[in-house]
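Student: Listed here are the chains, written in short residue letters.
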Amino acid sequence: MIELLAMGFIQRALLAGLLLGVACALLGVFLILKRDAMIGHGLAHVAFAGVALGLWVRLLPLGLAMAVTIGSALVLVRLKQKAGVHGDTALGIVSSVGMALGILLASLARSFNASLFGFLFGEILAVAPAEVVLAGALALAVAVLVAVRYRPLMAMAFHPEIAKASGVRVERLETALMVLAAVTVVLGMKVVGVLLVTALLVIPAAAGLRAGAHFRGAVLIALGAAVFSVVGGILTALRFDLPVSATIVLLSFLVFLAVLGLRRARA
Amino acid sequence: MAAGKTEARAAGETLVSVQDVSFAYSEDLVLSGVSLDIQEGDFLAVLGPNGSGKTTLLKLILGLLRPDAGRILLKERPAASVTDRTFLGYVPQKATHFDFFFPASVREVVALGLAPPRPWDAAARKREDAAIRESLALVGMEDCLRRRIGSLSGGQQQRVFLARAIVHKPRILFLDEPTTGVDSETVGHFYDMLGGLNRERTIAIVLVTHDIGIVDRNVNKVACLNRTLVYHGSHKEFCRSQAFRDLLAGGHHLVAHRH
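Here the protein sequences line up with chains R and D, keeping their order. Residues are numbered in my numbering as their position in the first sequence, beginning at 1, plus a constant of 1165. Residues are numbered in my numbering as their position in the second sequence, beginning at 1, plus a constant of 3.
Chain R with its partners taken away, still in its complex shape:
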C-alpha cells in the first residue's frame, strides 16, 4: 500500500478526490437546503451529452461538457427565476433531454466505448495533472464564495424572502451556486462518473445537515464526511481491488448511516 501511495497517479487521484470532496460538501449543503439536491443528477445528464458531443466532433470532450453544462445551469436558473417553472420540473426536462441527446450523439459518433464509459463510471486513477489543478481552482472558488458570502448564503437557504427584503442578491447567489455546481459535476465525472456524482453532492452534505447542532457544525461535518469518503474510498478500493467510484459512494452512505445511528443513540 505504501508503495502505491508513492506513485504519482495515486497521489493525483487522492488530491483530486479530496479537492472535489471539499467542493461537493460545501455546495451540497446549500443545494439541499434550497431543495435543489437533485441538481447534480440533472446536470450530470447534460454533461454526458456534452461529452458525447465532444467525442462526436472529436474535440475536447471535457471542455465541451463544461460549456454545455454551465450553459444548461444558466438556463435552469432562468427557468426558475423568470419563467416561474418549479425547480424539479425544470430539472426533469433538462436532465431527460440531456440524456436523450447524449445517447443520440454517442450513437452517431459510434462511441459507446471505453472513453464514454470512463465518463459514465469515473476514471479517478487516470486523472491528469491539469485536472488536479482544475479541481484545486474549483475547490478554492467554492471555499472563497462560502467564506465571503457565508451569511447571505445561509440567509438565502433559510428564508429567501427575508434575505431578499434585507438586500441579499438572492438571484446572483443562486446563479453562482448553479455555475459552481455545473463545474463540480463535470470534474466529478472524471472522479466518480456521471452516474454517481450526485451522490457526492448529496450524501456527505445530508450527513452534515442531520448531525449538526448548528449550521457551522453541519458544514464542518459535511466537509469531514466528504473527505473521509473520498480518501477512504480510494484507499479501500486499492487495498481490496474494488471499483473506486462505487466504493467512494458506498463509504459515504455508511458514514450517513453512522450519523443517523449516532443521532438516534443520542436522542
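If you're looking for bench data, these hints aren't it; they were derived computationally from the structure. Watch out, some of these pointers could steer you wrong.
Taking lysine to aspartate or glutamate pairs in the EDC-like style, the calculated list, with each CA pair at most 20 Å apart, reads [unchecked claim]:
(1) LYS1247/R / ASP31/D
(2) LYS239/D / ASP195/D
(3) LYS1199/R / ASP1253/R
(4) LYS78/D / ASP102/D
(5) LYS1199/R / GLU16/D
(6) LYS1247/R / GLU1168/R
(7) LYS1247/R / GLU1339/R
(8) LYS1199/R / GLU1339/R
(9) LYS1245/R / GLU1336/R
(10) LYS1329/R / ASP87/D
(11) LYS78/D / GLU16/D
(12) LYS1245/R / GLU1168/R
(13) LYS1247/R / ASP71/D
(14) LYS1329/R / GLU180/D
(15) LYS172/D / GLU137/D
(16) LYS1247/R / ASP102/D
(17) LYS172/D / ASP195/D
(18) LYS1245/R / GLU1326/R
(19) LYS172/D / GLU16/D
(20) LYS1329/R / ASP31/D
(21) LYS129/D / ASP146/D
Given chain R's structure and the hints, the job is docking chain D onto it.
Tutor: The following block gives chain D in isolation, referenced to the frame of chain R:
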C-alpha cells in the same frame, strides 16, 4: 405623554412614500392607484379583507415585487436604487414556515440580521454578541441562544424572527400577519412588544393584519385596503369611518368591490 411623543415622532422623516402605485398578477389587478406615506414614529396597521392587496403592498415596498405603475421611494430615493436596507426589518407572513430540520441555532438565525464581523476583530465580535443578546432579551428569548430553531414552539419562533428583524436596529419594521397560528395570549404579548419597540426605540411599525382589535391597542394610523386605498389616517377617525363599519360587518362590501 405617550400621545405627545407619538405626535412628535409622526412629524419626522418620511421613510416610505408610495405614489399612485398599481400592480396586477397577470390580468388580475390587485392594487390600483395607492398612495400613502409612512413616517418616523408611525405605528401603521394595514387592514382589509382577504385578497385586498395588503401583502402585495408590503412586498412592493420591500422590493419583492415591482409596481406596474407609480413609484415607491425609500428615504426619498427610488426603492430599486436603495441597496443598503439596514434601516428596515421584515417579519413575513408564515415566517415560521421554514424547514424545521434546518440546523441553525437561535443565535445563528438572529445573526443573519447583521453584517458579519471580521474573524480577527474581537471587539466587533463582542459587539455582535451583545446586539444578539439584547434583541433576544427584548423579545424574552435570551435563554434560548443555543437552542435549535426547529425545536421551538411557533410563538417562540415568531419572537426569534422578530429579534432577527430588529437586531440591526432598523428605523422601520414591516410585519405581515405575524401572529397567524399563535395563541391569543401570546398575540397580546406580541402586540405589546411591538408597542414598546415603537414607543421606546422609536421604530416605525407597519403591521399587516386581519386583527381589527389591534386598532385599539398601539397603532396611531390605519390604512384600509380593498385593492385601492379605502382609508388612510389616524386610528381615532378610522373608528368612526365607513371603512371600519364595513370591516366590522364582515367586509362583504369590501370583498365584493373589484376593479
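Student: Which numbered hints turn out to be false for this structure?
Tutor: The structure conflicts with hints 4, 5, 6, 12, 16 and 20, although it agrees with all the remaining ones.
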